[in-house]
Structures are given as C-alpha cells and as structure tokens.
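Participant: Here is how the chains run, residue by residue.
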Amino acid sequence: MRRLIYILPLGLFVVLAGYFAVGLTRDPSVVPSALIDKPVPEFTLPPLLKDGQGLASAELKGKVQLVNVFASWCVPCRVEHPVLMRLAKEQGVTVKAINYKDKPEDAIRWLNQGGNPYAAIGADQDGRVSIDWGVYGVPETYVIDAEGRIRYKVVGPVMPDEVERHILPLIKSLQGDLQG
Amino acid sequence: MIPELGHYALVLALFLALVQATLPLIGAARGDIAWMDVAKPAAIGQFTMILVSFLALTYAYVVSDFSVLNVVQNSHSMKPMLYKVAGVWGNHEGSMLLWVLILAMFGGAVALFGHNLPPTLKARVLSVQAMIGVAFLLFIIATSNPFIRVDPAPLDGTDLNPLLQDPGLAFHPPFLYFGYVGFSMAFSFAVAALIEGRVDPAWARWVRPWTLAAWSGLTMGIALGSWWAYYELGWGGWWFWDPVENASFMPWLAGTALLHSAIVVEKRDALKSWTILLAILTFTLSLIGTFLVRSGVLTSVHAFAVDPARGVFILALLVIATAGALLLYAIRAPSMKMGGLFAPISREGALVLNNLLLSTATATVFLGTLYPLFLDAIDAGKVSVGPPFFNATFIPLMVPLIAAMSVGPLLAWKRADLAGALSRLKFAAVLTVICVLGALYAYQGGPVMALLGVALAAWAFFGAIIELTDRIKLFRAPLAESWRRAVGLPRSSWGMTIAHAGMGVAIAGMTGSAAWMTERIQVMRPGDTAQIAGYELRFDQVEERPIANYQAKTGTFTLSRNGEFLATLHPEERWFPVSRMSTTEAAIRTNWVSDLYVVLGQEQQGGTGGYATRLYHHPLVPWIWIGCVIMMIGGCVSLSDRRFRIGVPARAKRDRQPTPQPAE
Amino acid sequence: MTGVVRACLAALLIAVASPAFAVQPDEVLRDPAMEARAREISKELRCLVCQNQSIDDSNAPLARDLRVLVRQRLVAGDGDGEVLDYVTARYGDYVLLRPPFKASTYVLWLGPIAVLLLGALGAALFLRGRRPTVVGGEGATPLTPEERQRLDRLLREDS
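Line order of the protein sequences matches chains F, A and B.
Take the first sequence: its position 69, counted from the start at 1, is 726 in this note's numbering, and no numbers get skipped.
Take the second sequence: its position 241, counted from the start at 1, is 434 in this note's numbering, and no numbers get skipped.
Take the third sequence: its position 70, counted from the start at 1, is 105 in this note's numbering, and no numbers get skipped.
Hints in this document: simulated from the structure, not taken from any laboratory.
Treat each hint with caution, since some may be false.
Derived lysine-lysine pairs resembling DSBU-like cross-links, with alpha carbons at most 35 Å apart [stated by the list, open to error]:
(1) F/K695 / F/K760
(2) F/K810 / B/K137
(3) A/K575 / B/K137
(4) A/K666 / A/K619
Just need the whole structure built from these sequences, with the hints factored in.
Facilitator: This is the structure:
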C-alpha cells in the first residue's frame, strides 16, 4: 500500500505524457463551430454584383450547397480559389459566398481575375452577419444541407484533399438522404 | 569560419557530455576514484565548448554575418547593438543554445566549487547533469542548429520581432533560463541521492543554495517579463495567465515549495522523500514549460519555433528524464527513513502547510493551463481557460498561504505555541488594521477583495519585520545588544525576512493595480487637456522622425497638478519597416507609489488632427516589481549564508573515502 | 521568451491589422455604468484570432467587432448573462475565458479542491505519524507552565 503511493507520481506522469503525445497531433488553433447541425442564422445580405444575387437565409434551403466566406485581401483565399472554381464548374456543386469586410470594387476585380465560382454573393461590409455565422477568420466554408442546416465547417483554405475526403462524400450522402 | 567553429565546439561539447554522463557514474558505483574524477574536467570542458559555441553565434550577430540563416531571420544591420546581442537568444535555436550554456555553467560550478561534496555524490550529480546536457545538445544539433549557412547570403536580415527589441525583454530570457535551468541542479542532486540511496540534512544543505540561486533568477526573470508586458502592451496589464507565463510560473511555485521543504530536511531530517519528489517535479515543470512553448500544443500567441519534430524530441526527452527519475523514486523512496518527530503546531507543521498550499496552487495552474489540451485529446470539445478561472481558483489558495506566512517563522521547531506566536504578532495586526483603514479612507471604500489584498500585504510585510525585531530583541534589549544580535543573525534568516517582506510589497502592488486603476480613453487634439486622478495632462504636439531601424511618432504631453508643472511625457509609436510591425511605447511617470501612464494612439481619420489617447493611473503598481526585486535580494542574501560555503564537516569526513553503495 | 507575445500570429487569416489599441474612444458608451459592464463582459470573452487574449485587450479587428456587439446588446437592454449567451450561441463555449461548469469541466473546476482536500488528508495522516508521543506519554509529568515557557524560549533560540 505504502509502495503504491510512491509509484503514483510515475503513473500520473505516464498518463500526462500520453496526453502530450496526442496533443502533438492536434491543431489547437481550429475552433469547432457552435452551429453544426443548427439552422443557418437569419440574415439578409445585399448582392455584391450589381446584376447578381444577394444572400439570405431563405435561399439556403432546398438543396445541398456550400457557403464560402472570402475577401479579396485574404491571402489564403487565393489558394483555395481554384479549388472552389473546380467544385462549382466541374463537380456541379452550388457555392454561395459571403464577401467579408471588403471593398466591392476590390472584390469584383478579384473575381474578374480569378473567375467567379459563386452562384450568389452577399456583401457583409461590417462583418456583422459573419459574426452570426461564427466566422473568426477568412476563408471559412460551410456545408449546408437541404433543410438549411449547417453540417460541416472548414476553417482556412479548402484544399483538394479536404474536398475529396470530407466535402464531396458529405455532399453525396446529404443528397442521398434527400432522394431517399 | 567562425560559425563552423561554433558548430564544431557544440559537437565536441556533446562528446564531453557523453563522457561526463557515463564514466563518473560507473566510477561511483565501482568506487573507482579515477573514473569519478573525470567528471570535473569534463564538466569544465563541456561548459567551455558551449561557451565557445555561444560566443561564435554572438559574433555572427555582432558583425551581422548574413550568411548564417539564424542571423538573417532575426537580425538587421541597422539594429542597435544591444538588440543584435539580444537577438542571439530572441529565437528558438539561439535560446536553446543559451539553455544548454546555463545548464553546463551550473555543472561547471558544481565541478569547481563543490569541494565539500562527498566524491560519489559529486560524481553522480555531475553525471546526471551531463545526461540532461547530452539530451539537449542532441536536440540542438539534430533539430535546431543555429549555425546553418545560406548561400547566397542576402544583403540584409529580416529583423528581430520589434516587440523583442526592448531592454526589459533583452534581459528577460537569461534570467528566466537561469531559473528554469538552475532547477536542473536540484533534479540532479535528487536523482544522485536516489542512486546513493541516502538523503540527510547535509544533502539538503548542498542542494539548497543551487535551488536558491535558481529561484532568485526565476523570480527576476518573471518580474522582468511582467514589467515588460506592463509598459509595452499599452494599457498596464502585467499578468495574463497566458500558457507561456504559466509555464514559467509553475516551476516558480514548485521551486518556492522546494526551498521551504528543503529547510525541514536540513534542520530536522524530515520530509525527505517529499523533498526529493518536489525537486524532481520542479525541474519536470521547467521541462514541460519548454515543451509547451516550443511544441505548439497549446495555442499561445507567443509560442515560437512551433515545429512538430521538435515537439516530439522534447517530449521524448521529458519522458526519459522524468519517467526515469520517478521510476528511481518509486524504487528507492519507500526505503527512506522517516526523520525527526514534530507536533502539527510547529515550524515543521507550518512548512508542511506552506507546501500543501503551494503544491495545490501549482496543480491548479497546471490543470488550468493544460485542461484545453486534455479535453481536446479525448475529443471532448474545445474549452478556453483564462484569467477569470485562475483568479477564482488561485487567489483563494494564496490567502491562507500569506496569512500563515507571517506566523510560521515565529513558531518553534518540533512543538510550538500558536497563541504565543499570534500574540507576538499583535503589533503587526494593529498595523494591518491601520493600513486597511488608510486604504478605505484614501479610496472611499473599494472592493472587499482590495481591502483583503491590502490586509494580506500589510500582514506579510509587518509580520516579516516583527519576526526580525523579535529575534534581535529590538526595543526590548539595549540597542547595542540588538545590533549585536542583528549582525550575528544568520544570513539565511535575513534572507527570509527580506523575501517575505518583499512578497508583502508585491501583493500591495498587485492589489492596487487590480482594484484602483483608473482609465481615460478619449480623442485629443494638440492643445487639449485631460484630467486623471487629480492630474492635468496637456497634449502639446506629435512629431515624426526616423530613429535607428524604426520610424518614431512621438507625442508631447505636459503633466501638471493644480496648475503646477510636473513633467513632460513622451509616449511613442514605433513603426519597424523591415518587419512591418509597430510597437507602442507608453510614457510612464512614477513617483514610486503610483504610475501615470500615457499612450499615444492612432490619428483619427478625417484630418481633424485628433489622436486617440489613453491615460491610466496605476496606484501601487511599481511595488509589484520593487517587491520582486526585494524577494530576489532576499534569495541572494540567503545564498550568501556562511554554512553553504563551509559545508558540513561531519558527513564530509565520513565520506572522504568513497563508500560502496549502501545495501538496503 | 515571452516572445512574439500578442503579435496575434493566428491573425494571419484575418487581414493584417493596422496598429491599434484595444478599446477605442469611439467605442466607449456614454453611460459609465454600462461601459463598466461592457468592460467586465469583454474580459470574459476570448479573442478568437489571438487565442489567449480577451477581446478587451486585443487589437484584432474581430475583437473590436465583438466589443461593439457587446455594447450594442447592452444598449438593447440585455443583461450580462444574456450578452454572454448571445456570443456563446455563435462561437461556442470556446469564447468563454471562464469555462462553464458542466460535465466536461467538472475535473477542471473541482480538481483544485480535490487536490487540496487529498493533500490536506495526506498531510494530516503524515502529521499524525510524526507527532511525538514521548512527551505526553505514560509516566511523564506534564510540564508546568513555567517549564513550558522556558522550553519554548530555548527552542526558539535554538532555531
């Protein structure tokens, strides 16, 4: 019994070291969304493009789609842009966007250069709506199901690997639910 | 050429450390004096080689040798010389080099000054110390080599983070590492004692000065860090319970507990296995701190060198060192003999209480700091643990600790008279009440916590003074007699009084800052006047000019009170074009009792000529650092105690001949 | 070592913020009592992009937006708890610097108390074992008050 007390520190330390080892594999800067499986927040945003569509919560129902939060001043957004282009043009995924705290002319120039993958773009000039979405950095990307619920969130640029492993399978299964 | 020399010296140091880690240990086990004697030259050689290496890197910084990658990434030719030198340890690789330099310095010091140590203990201590050295030298050479060249060499460097270009932060790391790494001595002594299978008062007497030195350094390092935060971050916050701060605070708390429990071992031959455990844990916490800061497992804004490979290496190192030591502990500690007997109400009892509270406080900070990691590791969600948690849990533990701090030293060893001790403190109690009433009067009330803070500060301070006056029989004996007693008092006793009084001073500062800070935020145009805490501040002008490696925007404020001119203040905003960052330099006017703190903010848009200005009145805040310096001085005074220099004749004689390991 | 402090490295994702301080003059509410409440609430909320700072200390643009939001909610008549709930509903418990007391944080909140109690128990058992029994043992005459005083004095001088 008395001996056990002397072994206790070692035991506790081993457990601790195990936690550290697991901790090394985690990225502590990723914050999970509080809105997963919750309906998208109520909002209406004016269109970014004069002849384009704005974005409102009502329009996020009826089919599985992505909502991407982007800005022309955001460097990682450039990285994910071709990926989003491919998703929209080749894989036929509907991608809508919230343009976060951007000058409209900058955003438009940016889309003219890199192409416009978005079916609709709402301009969130003061970032207020984005707060309702729980956005804490750009880019962020949400997968919305047909009932208008947030099912998945990617923080940071959407990479091809992420698309293959999570986004496309999730979209498929959500669409399957819809048909089934 | 010089950087290659530095690299070469580092590799040589590794080989010397390998020799030092093995031969003396085997020698001690076999009773072979020649092998044990290898430790001394090896330790001194290892230190010399690391020093050569460190100087080589420093040289590369001083001459701005931009063919060295580390210099490119952390320096710039325009940077002031002080920060060129400070740049050596302002980055991961260089700071690790400083780490091992200090480690080897402690080893070298034991080799040189440890004549009064029994040869086997000395050999084993140096051996264990060298094992830590081997691990860290390998770490540097394998994952963090500061001597890597770039070809072609760029024309200039990318500059040191401007936040680090500051006198407070230039000297913060050396002190901090002196403390962190100094605790390795306590660790080595503990492991050596476990190998020897013997812990006695003599052991405690040998281990205490090293712990005291480390503790003093760490106190200073933490104080410098928080002082820097105070004047640099732009609003006077000085402690944030940030993981990186906690990483240095945990070893400090555990080290403080260790200092106190070692007293019991030394005086009464009791609490031995606990003290050994504390010695191991204190250094473990230092290693964990290093791991946390450099592996990126916690999201601290300031983690530098976030690299998974390095994280894995340090974790492996931590596991080997700590698990090894704790395993040894599990095997050897149960056979350690219990020492002297004492009643619960006694000096020993008070020190047990001290250890209980300090250990709980350490555990609390540990739990709070690592809880987000634990939760994430079991996929139980993400959580933030911030200042509100620490304030709610840590402070309640400190209240009884400080309350007992004044009583403990008045208790006799073995069995004491609590009522008697308390009655001797009645004068301190009266002074405490006066201070609380004074605070009530000065601030027209105030939060209850603030009054509690004042009470604790006064109680700690006057309690320490009373203990001293009691011992020298001030006013109870003729002054000459008191003087004779004061001179004759052991330095360690003076050290304790000074350190405890310093703690009181620091608590007063913390309380003042938390409870009575006032703030004014407004837009001011040149010519405008603002009022704060009875002072008037006139905003005169803003000037822009280039200085060294930055562009300064300097404001001029005239401070006066009741129309009487007091001072001109110059808060500044600095723009560092190379690193594209800016820093704020607050203008602080102190009268040693309170600070007036002025920050020049951004120019308002619209060309009105208005600037956001932030004015603060921070009562008692300077006392935080004055208190820390007093504590550190207390540590140094105690360190100069004569018994640490002369050692313990009885055991030294007995151990002149190396004895075979005692059978159990 | 307190290295790259508060440089908001994580803010890489967010635009490079122009140098600014935390609360700006234009954010401050007219009502000092309400402003004081806003400051206290802000100290409880984590600046998500700077990781370990509260929004009150941070100069990140998102922190500013949240400070403004907190003030808007207060002006709209929300209580302190309602404001915190409002933010938590969007960002989760992660934004709270004082973790809520619930199943996943029991260990955090109760841990310190448990350590203290276990430690106190251990210390008490240890102290019992250390108590000298000889002094008050059989056959020993208890010390007279004078003797005790003298003994105390001697012991004190000894220390």
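Participant: Does each hint fit the structure? Answer for all of them.
Facilitator: Here is how each hint holds up against the structure:
1. F/K695 / F/K760: Roughly 30 Å between the alpha carbons, so the hint for F/K695 and F/K760 holds.
2. F/K810 / B/K137: Distance ~25 Å between F/K810 and B/K137 Cα, so the pair holds.
3. A/K575 / B/K137: holds (13 Å)
4. A/K666 / A/K619: This hinted pair holds, its Cα atoms lying about 16 Å apart.
The structure agrees with every numbered hint stated previously.
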